[in-house]
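Q: The chain contents come next:
There are 2 protein chains.
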Amino acid sequence: MQKIRSGTLAALLLGSLFTPVLAHAAPADSAAIRDAALKDEVAWDFTEGLTTEVGPRPAGTPQEARAREWAVAKLKALGFSNVRAEPYTMPVWLRGRDEAKILSPFPQNLVLSALGNSGSTPDKGIEGEVVYFPTLADLEAAPAASVKGKIAFVSHDMTATQDGSSYGYFGAARRQGPSIASSKGAIAILIRSIGTDHHRLPHTGVQMWADGVTPIPAAALSVPDAEQLVRVIGRGQPVKLHLTLTSKMLKDQPSGNVIAEIPGSDPAAGVVVAACHLDSWDQGTGAIDDATGCGIAAAAALQVAKAGQPRRTIRVLMAGAEEVGGDGARAYFKAHGTEKHALAIESDFGADRVWRVDFKLPQGHDALATSISAALAPLGIGASKQEAGGGADIAPLVKAGVPVIDLQQDGTRYFELHHTPDDTLDKVDLAQLRQNVAAWAVTLNLVANAQESMGIK
Amino acid sequence: MQKIRSGTLAALLLGSLFTPVLAHAAPADSAAIRDAALKDEVAWDFTEGLTTEVGPRPAGTPQEARAREWAVAKLKALGFSNVRAEPYTMPVWLRGRDEAKILSPFPQNLVLSALGNSGSTPDKGIEGEVVYFPTLADLEAAPAASVKGKIAFVSHDMTATQDGSSYGYFGAARRQGPSIASSKGAIAILIRSIGTDHHRLPHTGVQMWADGVTPIPAAALSVPDAEQLVRVIGRGQPVKLHLTLTSKMLKDQPSGNVIAEIPGSDPAAGVVVAACHLDSWDQGTGAIDDATGCGIAAAAALQVAKAGQPRRTIRVLMAGAEEVGGDGARAYFKAHGTEKHALAIESDFGADRVWRVDFKLPQGHDALATSISAALAPLGIGASKQEAGGGADIAPLVKAGVPVIDLQQDGTRYFELHHTPDDTLDKVDLAQLRQNVAAWAVTLNLVANAQESMGIK
Ligand SMILES: [Zn+2]
Ligand SMILES: [Zn+2]
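Chains as they are written, first to last, in UniProt numbering: chain A, 1 to 457; chain B, 1 to 457.
The shape of chain A in the complex, shown without the other chains (with noise of 0.2 Å):
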């Protein structure tokens, strides 16, 4: 604790060689936030409570709508104004059962996942030779002859990063993956789960069929899977599968964001959205993906009020729906896209350490960024030349010019357990959570006291 009050010291001192620091909120605010926040309860309260008594919630469901009556019950019991949810209607896509065995030449089963929009298979399931891919850009050049009527296969290593970079580049064969293996004329479609874990848990995840496409099964396969079908295809026999991949999509079921404010002193200023979703994969408690990012935002709004009312009025978003498309996001901007918003930020990577801040605001708010980084850096958080770029539950208002700034949280281990059935409470890690909501209090304070004027209308 002493470090961090030193460190604080050194840091500000620092940045104000540079910046007109006392412009914005008094160096002292920060350091008393980050110190109460580092010892905060409400957001592993909150992960506890969502994982423990909704558990997985997948947006449009029965579970979602329950999670959604929590979350506005818990956040009015923690003193947050304006507590609301905002109905809208999405189409759902329902799993089924999950199952596949390899016929020949080595019997046995093997342990996958249906992703998001799958197409179903009868119900006595399928059955097909595999076509094996090692990459998708292998998929991509092979002519639709050699995959026609058959079960592609895309098998493609995944490295971890801390900045999740991989998981852009790879996640591209379950995103594109299906609609090519489809409009090459494939029965279905496995891919490597899009993972860096090593257990028979798959990861699922949306992918939207391209336009024209006709749905076909569509599902990962654990990586310990994956590499037992990539060994059982190196002996060189022809390998037949059976999958039975059922499930269905209903049409304008009811889902809905969550809203709650800490309202600030001057409606004027614009207001500053704290994002998180609420949704989360099915075979999971959604813990890391994304109970902490809900809770880490209505921690850290919280810890500003307590510190004095803020100027700028913080409002949290928990979005009911953006693991399968985005939904939430939508239908926030449409209801809300005209107001003026001054920063949006958001928590949806897990609640690993945050080790790096990104900025994009308006030109001349460089004295802002830089005493935000001063502020973070006795948390461990270095300041980027990157630009912010939000999460899907900003994305509308970032597309329109919103500012915004990223806590980035090391992804090293979360694509061990993201979209997985292991998305469970036992993986946060207390002290880890407990310094994402000290950097989002900081950042927050400053931002939402800021005396510039920012954001758009």
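To be clear, the hints were calculated from the coordinates, so they are not data collected in a lab. Hints should not be assumed to be uniformly reliable.
You can't tell identical chains apart in this list, so a pair holds if it fits in one copy or across any two.
Straight-line distance between alpha carbons at most 30 Å, and here's what the computed DSSO-like set of lysine-lysine pairs gives [stated by the list, open to error]:
{"#": "1", "residue 1": "K334", "residue 2": "K184"}
{"#": "2", "residue 1": "K240", "residue 2": "K76"}
{"#": "3", "residue 1": "K306", "residue 2": "K39"}
{"#": "4", "residue 1": "K248", "residue 2": "K101"}
{"#": "5", "residue 1": "K334", "residue 2": "K39"}
Following the hints, complete the assembly by docking chain B with the ligands onto the known chain A.
A: The following block gives chain B with the ligands in isolation, referenced to the frame of chain A:
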């Protein structure tokens, strides 16, 4: 490599102060065998082949029959003599569906796996209220009236240990819990997995019903699910579950041991049995339990043979049924118990580094123990004062008085994988596997060539 050689010399010199090492195999033999075994390819090849080309192989099933055929062909190809399967029959318990959900107060699915010999629910499942016992002792102490008609839930934790001793203690919840619960009138029992990981992968395992006790559905929750259920119970409302645990029992199914030999030059000197088991649990591919054990035993026997014909026959015993009650061991003893057995040794605790050697040799064999210890020391293996006990596949031999040596593997991560779907090839570490082969090869070489008369007829 250099380090290993000089270590060897030092250890052997130390040993020679106390015992007539030269009466046994020459020191050069151990060093040469060890160095060759540290480059072994057979153990990996065996493990990779069995887990890929057969996969899961529950005892008494068609998969075990395929494993038997596979092993016979493999051992013949490797150059063993007298390779054959020795058939017997046994009862077989077959898993059906394993499903559980919390009906109230917080509806959500739980991940679990039926225990061996579990009773079956009807296809539509059963419903009941949970009665929670933090430890097995709490269940034992409970009045029957508090358990009757309910689903008993025992959730005591287990810590990883290098020697695996925590399994003996905490495994009682699996071995005795179901019979105790049934005798008090429970309609089912759930236990926290006997495991040290935090993945949504339950640990199954066998349990035997005590005499006169009615089988009830019995299953292990994954560790995160058990912790979730404890949290839900902690909210103080009655917790109602729906369980679907279907399974069936078959009588007199074919199983069989696989035997392969390195014939010795002196038939009167007795046989050295090197054992493992070929069967596995049904949800993983049985890589560490116990494909590696069979790979190590076979590879080590071949390393000895490469160095010259041993005095004693080395008989590799791959038992066809260990997991479900030792039918393979009993069948072997029935067929071969009257033959002269010089020593028995077994590998059935994964393939992480051997760290300790235990002996149970007849009076007057201290010199042999000392020379083996000296040959193992360069591999980082220390001799203990504990008496060797052998494993399940050689238990009848050990009970009959056959000498035994235990090469104890490091069990620190064994119970992260044991009896789960996660027991797959990717968990095997090649360098550690080779250290096992080296430890086994030097031990088998010294025992098979020892000039002492040993063993019982
Ligand atoms: Zn997310
Ligand atoms: Zn075993």
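Q: Are the hints correct? Go through all of them and say.
A: Against the structure, the hints:
Proximity of K334 and K184 under a CA criterion of 30 Å is satisfied in neither setting, with 38 Å inside one chain copy and 60 Å between copies. For the identical chains of this complex, K240 and K76 are inter-copy neighbours only, at 29 Å across copies versus 55 Å inside a copy, given an alpha-carbon limit of 30 Å. Proximity of K306 to K39 under the C-alpha cut-off of 30 Å is restricted to the intra-copy arrangement: shortest distance 13 Å within a copy versus 65 Å between copies. In this assembly of identical chains, K248 and K101 lie within 30 Å of each other by CA distance both inside one copy and across copies; the values are 22 Å within and 21 Å between.
Neither within a single protomer nor between protomers do K334 and K39 lie at most 30 Å apart by alpha-carbon distance, with minima of 37 Å and 66 Å respectively.
In terms of the numbered hints stated before, the structure departs from hints 1, 5, listed from lowest to highest.
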